[in-house]
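Residue numbers (this note's numbering), protein chains in the order written: chain A, 407 to 521; chain B, 579 to 691.
These are calculated hints, taken from the structure and not from any lab test. None of these values were measured; they are calculated from a predicted model. Ideal Cβ positions, reconstructed from N, Cα and C, are used throughout, including at glycine. Do not rely on the hints blindly, as some may be mistaken.
[As the list claims (entries may be wrong)] Quick list of simulated restraints, FRET-style, between CB atoms:
no., chain 1, residue 1, chain 2, residue 2, range
1, A, S458, B, F598, 46 to 54 Å
2, A, A484, B, S643, 23 to 31 Å
3, B, P684, A, P420, 24 to 32 Å
4, B, T593, A, S458, 41 to 49 Å
5, A, D473, B, F598, 42 to 50 Å
6, B, K649, A, S491, 31 to 39 Å
7, A, N424, B, D616, 27 to 35 Å
8, B, D606, A, V426, 31 to 39 Å
9, A, A484, B, S658, 44 to 52 Å
10, A, P488, B, M632, 43 to 51 Å
[Stated by the list, open to error] Reference listing, derived: stretches of chain A covered by chain B, where coverage requires no fewer than 3 residues with Cβ under 8 Å from a Cβ of chain B:
no., stretch
11, 410-419
12, 459-472
13, 478-489
Here are the chains, one letter per residue:
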Amino acid sequence: KQEVTQIPAALSVPEGENLVLNCSFTDSAIYNLQWFRQDPGKGLTSLLLIQSSQREQTSGRLNASLDKSSGRSTLYIAASQPGDSATYLCAVKPSGSSNTGKLIFGQGTTLQVKP
Amino acid sequence: DVKVTQSSRYLVKRTGEKVFLECVQDMDHENMFWYRQDPGLGLRLIYFSYDVKMKEKGDIPEGYSVSREKKERFSLILESASTNQTSMYLCASSSGWRTYEQYFGPGTRLTVT
Chain A
407 KQEVTQIPAA LSVPEGENLV LNCSFTDSAI YNLQWFRQDP GKGLTSLLLI QSSQREQTSG
467 RLNASLDKSS GRSTLYIAAS QPGDSATYLC AVKPSGSSNT GKLIFGQGTT LQVKP
Chain B
579 DVKVTQSSRY LVKRTGEKVF LECVQDMDHE NMFWYRQDPG LGLRLIYFSY DVKMKEKGDI
639 PEGYSVSREK KERFSLILES ASTNQTSMYL CASSSGWRTY EQYFGPGTRL TVT
């Protein structure tokens, strides 16, 4: 059974620091991996999606990498800002499954960027 | 831009009431999902639908039902609300091919008293 883990559960950094959020999954048979951001009391916002054939995706100050064989993904945030404070979740879509699009979510990492 | 909307941001209901939560997406997506999110428990899938009138149970379907009469609309029904259904409810949609990228609505905070 696929399990997705995000460690640490919480992270606090000073503004301007570059940081890495981690996501690991137990079964390497994935179709893709998606990173989301969630602000308190709000829905999830899709940040980046990496297909299983890709190694990384970039959007602005965000870079997500995928190492399928080792069951790991990282989300790199450059020059962090207080506005980056949120919970970040990763989710995998298992391969070989139907076209339902079901995802397996991690518990998330709550990031606080201090001014 | 994909838009997923939910009928209410906040809802307060009494125990035993029948509750309807509605979700609408504007991207002609095949798949739609209902989750609940509770502190310490993360996101849990209640039900999903992969086509009109087609549905499957997720991880925690007990106490809930769903309806999908039109492709763009997916409703979650609490037949008889209970206090343990107080939660944040999130709707999402995705295409049924290629990326399956999932898009979420703003959420409904439901309180059952």
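How the hints compare with the structure:
1. S458/A with F598/B: 46 to 54 Å: Distance hint for S458/A, F598/B is violated at roughly 38 Å.
2. A484/A with S643/B: 23 to 31 Å: Cβ of A484/A to Cβ of S643/B: about 46 Å, so the range 23 to 31 Å is violated.
3. P684/B with P420/A: 24 to 32 Å: holds, 31 Å
4. T593/B with S458/A: 41 to 49 Å: With a Cβ separation near 46 Å, T593/B and S458/A satisfy 41 to 49 Å, so the hint holds.
5. D473/A with F598/B: 42 to 50 Å: holds, 44 Å
6. K649/B with S491/A: 31 to 39 Å: Given a distance of about 37 Å, which is inside 31 to 39 Å, the answer is holds.
7. N424/A with D616/B: 27 to 35 Å: For D616/B against N424/A, whose Cβ atoms are near 32 Å apart, the range 27 to 35 Å holds.
8. D606/B with V426/A: 31 to 39 Å: holds, 37 Å
9. A484/A with S658/B: 44 to 52 Å: holds, 50 Å
10. P488/A with M632/B: 43 to 51 Å: About 44 Å separates the Cβ atoms of P488/A and M632/B, which means 43 to 51 Å holds.
11. 410-419: Coverage by chain B is violated for the stretch 410-419 of chain A (0 residues, Cβ < 8 Å).
12. 459-472: violated (count 0)
13. 478-489: Violated: only 0 residues of the stretch 478-489 of chain A have a Cβ under 8 Å from chain B.
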